[in-house]
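Visitor: Residue numbers (the UniProt record's numbering), protein chains in the order written: chain A, 1 to 268; chain B, 1 to 300.
Hints are supplied without guarantee of correctness; some may be wrong.
Taking lysine-lysine and the DSS-like style, the derived pairs with C-alpha atoms no more than 30 Å apart in a straight line are [stated by the list, open to error]:
(1) B/Lys268 to A/Lys218
(2) A/Lys50 to A/Lys38
(3) A/Lys50 to B/Lys124
(4) B/Lys268 to B/Lys126
(5) A/Lys215 to B/Lys235
(6) A/Lys218 to B/Lys126
Note that these hints are calculated values from the structure, not bench results.
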Amino acid sequence: FTASLLLGTTLTISSNHWIMAWAGLEINTLAILPMISKSHHPRAIEAATKYFLTQATASALLLFSSMINAWQTGQWDITQLTNPTSCLILTSAIAMKLGLVPFHFWFPEVLQGTPLTTGLLLSTLMKFPPITLLYMTSPSLNPTVLTSMAILSTALGGWMGLNQTQIRKILAFSSISHLGWMTIIISYNPKLTLLNFYLYALMTTATFLTLHSTKASKLSTLMTTWTKAPALNAALLLTLLSLAGLPPLTGFLPKWLIIQELTKQDMA
Amino acid sequence: MAVAVVLLSGAPFHGGCCRHKVFLSLLGPLLSNSKLYSSYRRPGAEPKKKLSWQNADFSFKKSIDHLKTQLSLLTKETQDYLQGPGGHPLSQHVLEQTRVLWQFRSQEDLNKWVISSDVEIGGKSKVYIKLGRNNQAALLYGTLNTEVPRDGETKYSGYCSMRSRPAVGSFNRKKYYDWSNFNSLYLRVRGDGRPWMVNIYTDPYFSHQKDDLYSYFMFTRGGPYWEEIKIPFSKFFFSSRGRVQDNQHPVWLDKASFLTLGLTIGDKVDGPFQLEIDFIGLLNDRAHREEFAYETYDKN
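Go ahead and model the full structure; you've got the sequences and the hints to work with.
Guide: Okay, here's the thing in structure tokens:
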């Protein structure tokens, strides 16, 4: 399944035809489903079903968008998306794939039902192909729609994560928030989006692997991990602060550059 | 299909006056007011006289009052949200080791529970609930009757149960609680020596899992003394539609949304029963390290 995930991801990021990109996304979706439902617990099955339904809908919308563009312009090239209707439908498809507001409701529930390692894949590897498609089509997409979704994602990701007691849900809302940061700058400086994504993936990987090794899935368990692995707990503290964007840690860098770029665009 | 073709092709021969009869015979079940499925009513079930929309009360004043109540609930929920998870500060959530969920001190506490028995399938058991002496406990009592109703399909009978109503917030939305900090159920009861079954229903999202239930036994001692029963959540076994499943898994309590707790008696012994319940709560028993009591299908 991991090999299929890598195949699907590689297929999508290296393609310039919409059908190949869609095929890669479908391979990714189908490959991750058995990993989500591996434990056969009803909650895991529920998470897998929710994931399948949302991702299948998003894939269908993506294909629909590419077909409208192909019908209107005769182009199947990903970078040649010019039809306004196609752009709008593609924006909603990518938002659903990524978990941007207002299509974010599935993400915390799915992440809560999965084991921590699969949750890591969902938060990092599964986000890579849609971010790549967004990167390639960003000049054609409506900046107002993207900015609105980004601001809502950043705000709601932060507020909804406030009273959570399950760590996976907190990380899901953190992911939604970071996706907001990535999306807001994509129309003006797409390279910052990629930088933000790479650093987010690195920090999230560190967080998930630490939580996996300490087997902490809720806050009360996290309170007692310092007795079992004090050094790892201290590293987790720094990683979480970095995710939060505290200077002088790494996570501050993309946020600083994004705000700087937005200031240049008279938006901040 | 062939019958329909024959019937329709035969219609012109019988003349135009009979054509509508042919259509009616084909479309009869769809056109009639009766439901498409069987209208058999189980004995004990009340005959349905009114349609569900006819029970709606369209009074404007009542709707305004209802809206005011819901808005005040929503305000309270927002204030609780600002305070912390479940309306309590985070420190309380992290440090608490016990929590009382239901205690029976007033009629309002009793109204949070629903009693039922095999009368709903045509049986003859009786169950009642009232406040005990000095309003210090709930008294669940009645008579169990294992006589099978004569409807030709029921094979077993004889159960009485008490189930908690699921918690709803403002505008009838589900309330989510996180009980994952606790690992045991704690009940202070005084029984009559009869065994009970404690059932937990976690309201799953998809309809395929709506019949899933987690159960365990509660053996009461009988006698004048109260007993405090601790049932770890790791002991609850999984069943679906009343059948214990081979593929067992522990109950997850992180999303106790519509979670309902039920106490059922069905020990196949005719006669009276009685159970006094002081309170039902949760406990984090640090000495209990077991994760799950039953074998799962995981590969080693």
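Visitor: Against this structure, judge whether each hint is valid.
Guide: So, going through the hints one by one against the coordinates:
Pair hint B/Lys268 plus A/Lys218 does not hold up; C-alpha atoms about 42 Å apart against a cutoff of 30 Å. Distance hint between A/Lys50 and A/Lys38 is fulfilled; the C-alpha atoms sit about 15 Å from each other, no more than 30 Å. At most 30 Å may separate the alpha-carbon atoms for a hinted pair to count; A/Lys50 and B/Lys124 exceed this at roughly 43 Å. Restraint check for B/Lys268 and B/Lys126: the C-alpha separation of about 14 Å stays at or below 30 Å, so the hint holds.
Using a Cα cut-off of 30 Å, the hinted pair A/Lys215 and B/Lys235 holds, with the two alpha carbons roughly 22 Å apart. A threshold of 30 Å between alpha carbons decides the hint, and for A/Lys218 with B/Lys126 the separation of about 44 Å lies outside it, so the pair is violated.
Checked against the numbered hints given earlier, the structure breaks hints 1, 3, 6 and satisfies all the rest.
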